[in-house]
Amino acid sequence: MKLTHTLKLAAVALVLGFSSCSSADEEIVEKAAVSKDTLAKIYEMGFGTTDVKVVEGGYLVEGDILLTDAELNAKHDHKFLRVGETEQYRTTNLVNAGSGRNITLSIDPSLPATYVTALDAAIARYNAQGLTITMSRVSSGGQIYLQAAPKSAQYLASAGFPVNGNPHNNIKIATRYIGTNPNQAWFTTILAHEIGHCIGFRHTDYMDRSYSCGGSYTNEGASTVGAVHIPGTPTTADATSWMLACIGSGQNRPFNTNDVTALKYLY
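Positions -24 to -1, 1 to 243 (mature numbering (1 follows the signal peptide of the UniProt record, and there is no 0)) are the ones given, in order, by the sequence shown.
The set of hints was computed from the structure by calculation and includes no laboratory data. Since the structure is predicted, the reported quantities are computational estimates derived from the model, not experimental observations. One or more of the hints may lead you astray.
To be verified - Result set (PhoX-like, lysine-lysine): computed pairs, CA atoms no more than 20 Å apart in a straight line:
#	residue 1	residue 2
1	K29	K12
2	K127	K12
3	K29	K17
Take the sequences, apply the hints, and build the full model.
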């Protein structure tokens, strides 16, 4: 399969495009159209409608975020969207942590052992922050399950947002891009990023993803729901946030000071 890397500044997005497919199933996925009604619902939720893709379970928006039909058709909590520069953002859906809650994660045993090592490292990054949510890896039945993405996947990894106070239950990993022995710091950052979506975080460069992805100015969407500014985070560019939309090959992004502020404000 021929891959086409189009991003500038050596940035590798959490979504990667390809120019041709080798199977009928992949051709169907590539050519599936998104209706105007669906695009309108996506926009009304506050998400960008550029390059929306039909994927297993729903629609992939903004590179690595899964939205299901149930989420698109649900009644949404309208929140004021602060239009600024580059800030930490959350969704209107968060995990109900109460006075304390442990989130379990499990990984498909068919995935390489290196993936387990990276997942443990990502979990450790969260647990080191002293949040009201903690995380632990279990052998099976985790509240968040990591598995291989379909062969037609055009992203490095993808996840969704919390539902009914619970974390999104699935992270899909494009093994053909990640490989069997990835740079551990880089892959740990990718998994921590997707876990961030699972507990309610949006991209830090929501208002201009060109900051991390390169290319021209691109606003992921500007509506009245879906992106709520987290107080205490900056209104200027944050070059090292773990929730930036794109990541350079081999790049490591542990939580920076602003990320920790955002995490502790929500949890």
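Hint check results:
Between K29 and K12 the alpha-carbon distance is near 13 Å, which keeps this suggested pair within the 20 Å criterion. A distance of roughly 27 Å separates the Cα atoms of K127 and K12; the hinted pair therefore is violated under the 20 Å criterion. Only pairs whose Cα atoms come within 20 Å are accepted, and K29 paired with K17 is accepted, the gap being roughly 14 Å.
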